[in-house]
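J.: From first to last, the protein sequence lines are chains A and B. The opening residue of the first sequence carries number 1 in the working numbering; numbering runs sequentially from there. The opening residue of the second sequence carries number 1 in the working numbering; numbering runs sequentially from there.
The reader is advised that the hints may include incorrect statements.
What the hints assert, rightly or not - Label-pair ranges, simulated between beta-carbon atoms:
id: 1; chain 1: A; residue 1: Gly51; chain 2: B; residue 2: Gly27; range: 20 to 26 Å
id: 2; chain 1: A; residue 1: Pro71; chain 2: B; residue 2: Leu19; range: 29 to 35 Å
id: 3; chain 1: A; residue 1: Val8; chain 2: B; residue 2: Val22; range: 53 to 59 Å
id: 4; chain 1: B; residue 1: Val22; chain 2: A; residue 2: Glu103; range: 27 to 33 Å
id: 5; chain 1: A; residue 1: Pro71; chain 2: B; residue 2: Val22; range: 43 to 49 Å
FYI, nobody ran anything at the bench for these hints, they're computed from the structure. Backbone N, C-alpha and C define an ideal beta-carbon position, used for all residues, glycine too.
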Amino acid sequence: MAVWVWIVLGLAYLCLGLFFITIPLAVLTVTAGALVGVGVTVWYTAAVLLGDERDILITPDDHVAASPDGPMPADFAWVGYFVAQVRRDAMVVTLRSFRWFPEASRSAWRFLRDRDFSLSVAALAVPVTVPVLVGWLFVPVGTAAALAVAWAAGAVVTGLVWSVRLPAVVVLGLVDGSRRRRHRADAACPYCYHVAPLPAYLCPGGHAGGLHYDLRRHHQGVWLRRCACGESLPTGVRRARRRLLRAYCPLCREQLSPDAGVATDVRIALLGTGGAGKTSLLAATVSELADRYDAEGTRFAAGNRASRQRLERLRADFRDGRRVALTDPTVPSAGLLLHVVRGHRRALLQFFDTSGDVFEVPTVHDDLAYVEYARTLLLVVDPFALETVRAEARETRPDLLEHAHAAGRGPEQAYQGVTVMLRNSHVAHRQRLAVVVTKTDLLRELKVGESLGHTSAEIRDWLVRQREDNLVLAATRDFRRVRYFRCSSVRGGESPLDAVRWLLSPEPFPFPAEVRNSDD
Amino acid sequence: MTDGGIPPGHRAGRLAVLLGVVLGFGGVPALIVVSGAGAAVVEAGAAIMSWSWGFLWPF
Numbered sequence: 001m002a003v004w005v006w007i008v009l010g011l012a013y014l015c016l017g018l019f020f021i022t023i024p025l026a027v028l029t030v031t032a033g034a035l036v037g038v039g040v041t042v043w044y045t046a047a048v049l050l051g052d053e054r055d056i057l058i059t060p061d062d063h064v065a066a067s068p069d070g071p072m073p074a075d076f077a078w079v080g081y082f083v084a085q086v087r088r089d090a091m092v093v094t095l096r097s098f099r100w101f102p103e104a105s106r107s108a109w110r111f112l113r114d115r116d117f118s119l120s121v122a123a124l125a126v127p128v129t130v131p132v133l134v135g136w137l138f139v140p141v142g143t144a145a146a147l148a149v150a151w152a153a154g155a156v157v158t159g160l161v162w163s164v165r166l167p168a169v170v171v172l173g174l175v176d177g178s179r180r181r182r183h184r185a186d187a188a189c190p191y192c193y194h195v196a197p198l199p200a201y202l203c204p205g206g207h208a209g210g211l212h213y214d215l216r217r218h219h220q221g222v223w224l225r226r227c228a229c230g231e232s233l234p235t236g237v238r239r240a241r242r243r244l245l246r247a248y249c250p251l252c253r254e255q256l257s258p259d260a261g262v263a264t265d266v267r268i269a270l271l272g273t274g275g276a277g278k279t280s281l282l283a284a285t286v287s288e289l290a291d292r293y294d295a296e297g298t299r300f301a302a303g304n305r306a307s308r309q310r311l312e313r314l315r316a317d318f319r320d321g322r323r324v325a326l327t328d329p330t331v332p333s334a335g336l337l338l339h340v341v342r343g344h345r346r347a348l349l350q351f352f353d354t355s356g357d358v359f360e361v362p363t364v365h366d367d368l369a370y371v372e373y374a375r376t377l378l379l380v381v382d383p384f385a386l387e388t389v390r391a392e393a394r395e396t397r398p399d400l401l402e403h404a405h406a407a408g409r410g411p412e413q414a415y416q417g418v419t420v421m422l423r424n425s426h427v428a429h430r431q432r433l434a435v436v437v438t439k440t441d442l443l444r445e446l447k448v449g450e451s452l453g454h455t456s457a458e459i460r461d462w463l464v465r466q467r468e469d470n471l472v473l474a475a476t477r478d479f480r481r482v483r484y485f486r487c488s489s490v491r492g493g494e495s496p497l498d499a500v501r502w503l504l505s506p507e508p509f510p511f512p513a514e515v516r517n518s519d520d
Numbered sequence: 001m002t003d004g005g006i007p008p009g010h011r012a013g014r015l016a017v018l019l020g021v022v023l024g025f026g027g028v029p030a031l032i033v034v035s036g037a038g039a040a041v042v043e044a045g046a047a048i049m050s051w052s053w054g055f056l057w058p059f
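Using the sequences and the hints given, assemble the complete structure.
T.: Structure, rendered in structure tokens:
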């Protein structure tokens, strides 16, 4: 037959095939292709969500590696599922649902390409292959549609979870924060003097690197968090305290009191030159506090082992009337940590007592970092270091000078050494300063001591008369509140507790009732 | 312990998402049926097929 006859027959076959085979078959193949795409997505969704694949998990290692470098290391704990992992799962399902299609298409093409089809067979198969090809192309369309449904469903579930999670985080965080602010609860380290808003807690799982630096409700859990070791930890410092987790300083990692971050935390820094009587005043203060707390049945004890030994020694020295040993200037001052529990109220009281020699060497002011963190300072003034008093004592009672172990330098030297540092850090205007004239039991044996009054104004005026007007002026200028007191630091003498009570009066500190009711 | 495994919170979260997906896949056909879109699609397919196969009727 002539060629044109074949052409006419071919066109007729294609036209008839288009109408009677291709179009009806395409309806079926498109539906089938889309359903295959949906099925593939359902399969991968179920496989990811029900599977145990470790490779696709955002592990604590990943979280630590992705966290920006900060002052504190990132917590080695699992991030909540709806915070990050849900997005990772969605991406994995999406990638796997689409990734197989190009590879399968290439394999099918390679299979067909390697077959030796004749032109006539290929021409005859066109009405069938076209709808099959169209149906194949609809597989990713079905995948995309199914993924859209899965993403929408996942987004709805995630949104529902966050609609509960976010208000819970905010409300519980506000309650926790306001309670800590009301109680003025901090995590103050007696060793490195760092004051953190809350302590780090050690995971009870007993593994290395188990410190959790921020247990608050956040990305790693609203009510519970999961350590990398699998241990379940509470969120919030109060529940951590109830679970008896060990508290640590987040900076130097020394162990803190279990009540750190929960109890009212107050710190008093003692200032003064060497021999001014800081340690004697401390001994008198803690001894009188202990006696008064014992009398009312309030628990008053040292907060750590070092403080326990020191407290016992100070109380014994005060009780027996012994002269306390001079503080070693070569040993960095660790705070004397005291723990008070009255009913539901708990407080941690720290006294920082550094050798007076340190105040005279500006290069070692790193040892005085606690002064910046303390809201309250107590400057101990040895009257026998004042030139006017020394002059009278030399003339009338030279034995008193020896008995008083008078400080070699006046109080202004210690004051200026510290306040230069405080001025630089702009914290002094927020602090309270109590200026305490000590050794009054010996001072009143001199004529100049008889004129020392009992009120703050009288003591201030007396200091001015003793040519300490520079000190008085500078203290008034530098500090938010300044008040003047007197004490003798000996058993049965004038108590230093009035000064301590005034210093801590803005703090919610449970003072012994007898002291709290004393005259202001 | 979760070493080598999935933490319980993740397991619960995945089950919640899976439940949502199942409800979603169940909800889409239901939506199609309720809205009549499914009927329209089936009718369109049937119309295409009857249109093309209709050419055979004279034979």
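J.: All hints are to be evaluated individually against the structure, with a verdict given for each.
T.: Against the structure, the hints come out as follows:
no. : hint                            : verdict
1   : A:Gly51 to B:Gly27: 20 to 26 Å  : holds, 24 Å
2   : A:Pro71 to B:Leu19: 29 to 35 Å  : violated, 42 Å
3   : A:Val8 to B:Val22: 53 to 59 Å   : holds, 56 Å
4   : B:Val22 to A:Glu103: 27 to 33 Å : holds, 28 Å
5   : A:Pro71 to B:Val22: 43 to 49 Å  : holds, 46 Å
The structure fails hint 2 only (numbered hints given earlier).
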